[in-house]
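K.L.:
Here is how the chains run, residue by residue.
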Amino acid sequence: MEFADILTILVDGVVYASWLFIVALGLTLIFGVLQILNLAHGSLYAVGAYAAASFTMLVPYFGLPPAFSLLAMLIAALAVALVLAPILERGLLRLFYGRDEVLILLVTYAVFLVLEDVTKLVWGVQPYYVFEPRNLFGNVEIGQLFYVGYDLMLIVLAAICGLAVWLGLNKTTTGKVVLAVIHNPDVSACMGVRVNWIYLLAFFVGVFLAALAGAYTAPLISVQPGISVNVIILSFAVVIIGGLGSIPGAAIGALVVGIARAAAVYEFPEAEIFIIYLVMAIVLVFRPEGLFQRTQARKI
Amino acid sequence: MVNTTLKSLMAGAAMAALGLAAAGSAAAQDDTYKIGVVTFLSGQAAESFGVPAWDGGKLLIEKLNAGEVPAPYDTVGFGGMKIEAIPIDEAGGATKQVQEFRNLVQRENVDAVIGYVSSGDCLAISPVADELEALTILYDCGTPRVFEDGSYEYVFRTAAHATMDNVSIARYLKARDMKVGTFAGLNQDYAWGHDSWRDFTASMAQLYPEAEVTAELFPAFGAGQYGTEISALMREGPDVVHSSNWGGDLQSFLLQALPRGLFQRSQVVLSAGDHSIPPLGKNMPEGVVLGARGSYGLLSPDTPLNDWWFKTYQDEYDVIPVQAPYRMVQALLGLKSAIEKAMEANGGNRPTKDEIAAALKGHEWESPAGMIQMKLGDGHQAIQPTAIGTTAKDENGDTILVDIERFAAECVNPPPGQKSVDWINAGFQGAKCE
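Chains A and B are the protein sequences, given in the same order. Under my numbering, the residue at position 60 of the first sequence is numbered 60, and the numbers go up by one with no gaps. Under my numbering, the residue at position 159 of the second sequence is numbered 159, and the numbers go up by one with no gaps.
Keep in mind the hints are simulated off the structure, nothing from the lab. Careful, some of the hints might be misleading.
30 Å max Cα-Cα, derived DSS-like pairs, lysine-lysine [said to hold, decoys possible]:
#, chain 1, residue 1, chain 2, residue 2
1, B, Lys179, A, Lys120
2, A, Lys120, B, Lys311
3, B, Lys432, B, Lys179
The structure displayed is predicted, hence computed values, not measured ones.
Just chain B, with the same shape it has in the complex (with noise of 0.2 Å):
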């Protein structure tokens, strides 16, 4: 009898032990929103994307649960849970980063997966994060075929495609008034290199009808040696230089035809070439027309929310913030004012993954960036505003960017509903650039 007694108080004792833990790990988790953040952590795009990228994400997470943000992001985390981060190394193929997505949503339990620089992770992702209904936020890659040629319920893109970068280049070539008779390319072998100058050539064919192609070049990605196309380009002695090359090729690219005089023989214009200012420093050259995919870094806007966002990155790294940990920002604060926004619709309760897809349907908000819209692919796919500036360098010696022109999200990005392509060679139809 004793005996029983005892064994009934102790399976009664670890019952509401285990009853404890139970509800103690639901509160925890009411507690936290738990994210997984998946980009380059090796491999040849880590340097220039991947790493900063984390480091921007890492930063301003410890300083939205800290409630260090400024207005209107000053509540603690996510609408009051803080934010736990699990990082994943993008590199190894698509076929990996499928198995990592899998592991995420359904082992690690994550409440929403933030990722992607490769454009070729992002159009595998997303059919598999619908199938898992599980919220997922692109936050990098550049193909528009995302949400061109597919739909999804669970799947949003936080920043502009890839249209945008190669459209404003063009455009503020005419801004600046420059001569175009001839222009050359220069592009890494794949689809960024490929749908960046098809997006740069049809753009030009718009603004400067005249103006012919001389040299369309392709090297492999991670060619690293650029002599014999440098020469090419030289000898053509094009007005306008493009490129779209990125990280190590682009900085080998740069390095390599500095001394030759390809700078001073043509114009040359970068269509994401931000990240190589800060490697590069003093040796970056001068005179050359490039964007960051946005206006980030050396092109970001004069707003208090930028402005803390830049002093904030530059004293914990001591370098400036370039594309990538801005466009990790713009992906955070958007779903953290989509969850907000959630939350205030169910009355302060945390919201489920259904509602917070809803929130962020068309949402709009603000970024150190600008004003990020999701205006395309149903309210799936953002658009933003842009600036492109000119390298120059300043009393010491170090680069900067001046002449910078700023367009409205509404001119160089398409209009919902129809495919870039097809609104360039339709010659911007519904731009908006006033």
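One chain only, chain A, in its complex shape (with noise of 0.2 Å):
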């Protein structure tokens, strides 16, 4: 194998990993905080793609430049999560809190389902694109490959949303009020912290972050009813091998994830889709907790 090969490999896995990150960075957190294994996770990336859509199709109606449409991105994510995390928290899980995880497991598939079809009834079934946001970074040539510019900015991205939520999580005091919570709900209570706002900004930023993904990721595909699906099987995989409820596991998931799947493509092309699922059952062979999980004793 060749440097450029090698090159060319790094590139296209980081970018694939960018991309899974920024989803399983909001599935982790969900998780981390709540204890929620939240199957609705990928409809929450296909709303945000269905409304980075129909917000970027405000931008020529308006008569603003094409770089607009990034923010409208930026936005739509941000009112899907004002819209739907305080619904589905707020109006459906807490309810659900304490309860045996199957059950939890079982809602967040039911939400999953409904909001299938609330896509469906909302956007239709007819696919949306949007092509403008991802002319607007021209091509980079890397190795002998020619790259958009626009799958690179999704690592910028990504890097910016891992920071942003570390240091969200370490640095402030909100954030380490999350830790207290995500460390023992019960004795935070009893500090006076109030765990359901802790609880609902989680879930918020969860949300937020799969439609941000979403919406970032419109402009490289078709935006139609099926897209959920397949990104929280793979966000999935990323949590598992990174260990449930960690950041930093989440990054070396998706970057494992993305440079395995890469390097299958070029090497073993059979075994493109095998990969992912090898690489997370040789992690959960010898760390059945994930990468970045710390074994804990079982509270009783």
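Using the supplied hints, reconstruct the complex from the two chains, each of which is provided in its own coordinate frame.
P.N.:
Dropping the structure here:
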């Protein structure tokens, strides 16, 4: 294998990992704080993509320059989180806190099914395309290949998201409160922490990240029913590899999946789909709790 | 006594009313031909196939019932019987579809079922249709296995199977004298993608025996992200890149490959790509060789029937008809002509399903896409002419197809009694291409 091939695998792997990381970050944050494995996360990603498609249509409508479509996508993700996070967390999920984990899993699966139909009701089954933002950054030559600047921009976006969540959790007072709730919600409540608000905040950020990933993926794809399924499977693989609830774990998990997949496409294309699950199985054999999750004694 | 008389009068009146109602119902049934139409109304295949197919079917049924279709289909409905259609969503998998099929046949008492985009659904439904002795027309699915591995009495497929698409793409490259030293494939990782790639590579082995395969990529169905695959294809730089992708997967691939220059580096060929032209519009890449799984849409022939259908659909929905509505229309017109043929044979009376099945076996009829002939699968599987073209832009920047090559049905479909792969590997023996 030549250096140019290694470089291409790394670039492709990191671009793919960036996309996966933004989705997985929201998933792992919600699990870390609320202890909920949110099967509806893929649907929130899809709603983000649809919302971005609708919001970016307004940019030419108001005669704004194409660069505003990047802002429109951000606003779309924020709007999705502002609308759906309170409805889902306050209106539904809180009723099941403390119940059996399997029951909550089924509830989130029901939300996934409902959101799938809601997107069809709101946006129909026809595809939406968001062409303009992808042309904003031109093309970049790396090695012997051209890459679309927008795709590389996703690496920066993923880094900003990861850093912002990490800094928010570790360097702010609210973040420290969130960490306290993660550690022990009952003791936190006794100390005067409004645990319900922390749950809502964490869920809001998780939904925002899912919608953000969907919004900034919209220019790459045909936005249509069914885009939520594949992403949830992949992001589950990422957080399981990295360790549920771990932000560095999600980053490393995404990188492992992205680079392993890129290497497989180049060297063993027949293993492209299988490789992700092979990596996951190997990690689970040696680290059943994931790469970055500490083994914990079960609370009784 | 009065009471008894009153009771018997009332009973008599009730019986008469029931009798009249039954007679009325029978008369209504005689005037109506009820069909179940099963196609994807939700899920990933809805936008590209299911919804346009149902739109086309709905429109044609409306026109048939009004007697507004040009000759030879200008009689009302099916032989004077009004058509009543019950649409069913194909989403949900084969097990659900078998239940839906039983429901249509045993509860709704439909006279025939027209349906199925998914090859898996076609394979699951066919034996059940024969078990229930229910007249069933498969209108869209592509797998050759339905009649190459099975034999059914009440099941018919009114469109050619997928072998035609890939044989014709390879023949197109040869007909346009394109030089192919290397080629690669990007196909969805399920039966459709693998079968298409198998037929294409086998055809290329016959027509371009020196050409080498440089990459065989099978991303997951619904993958959405193709950056790595595009890099791999561009690194190899094959002369031809083949893809049978469809729907969102195809459109995502095209959108991602276009700015990266794949279409400048390789000749991209799409075996079922026509349905991407309306949604991508001006963003559809130029110079792409594509088929429509028949002479459909922008590849359709210049005939009075096709001119009427193309215009009628475009006027109604403000978009050109692509392959799926054409195949639905093909099925409906095939059923109509078979019913009327059977009717004529039994003195103008409503034919039984066995009489219609007998009429459909080996039947031939004109469709907007050309002559359909039930020549394979012991008269149960259609062959049809097809066409391939290359995308270009007109003066407004809209996508058109140029350099269109037409292929006779018997040039790109196997002869009766031969399996598709064996026919290709044996050098297309018996193909009639002139």
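K.L.:
Hint by hint, which ones does this structure get wrong, listed from lowest number up?
P.N.:
As far as the earlier hints go, only 1 is violated by this structure.
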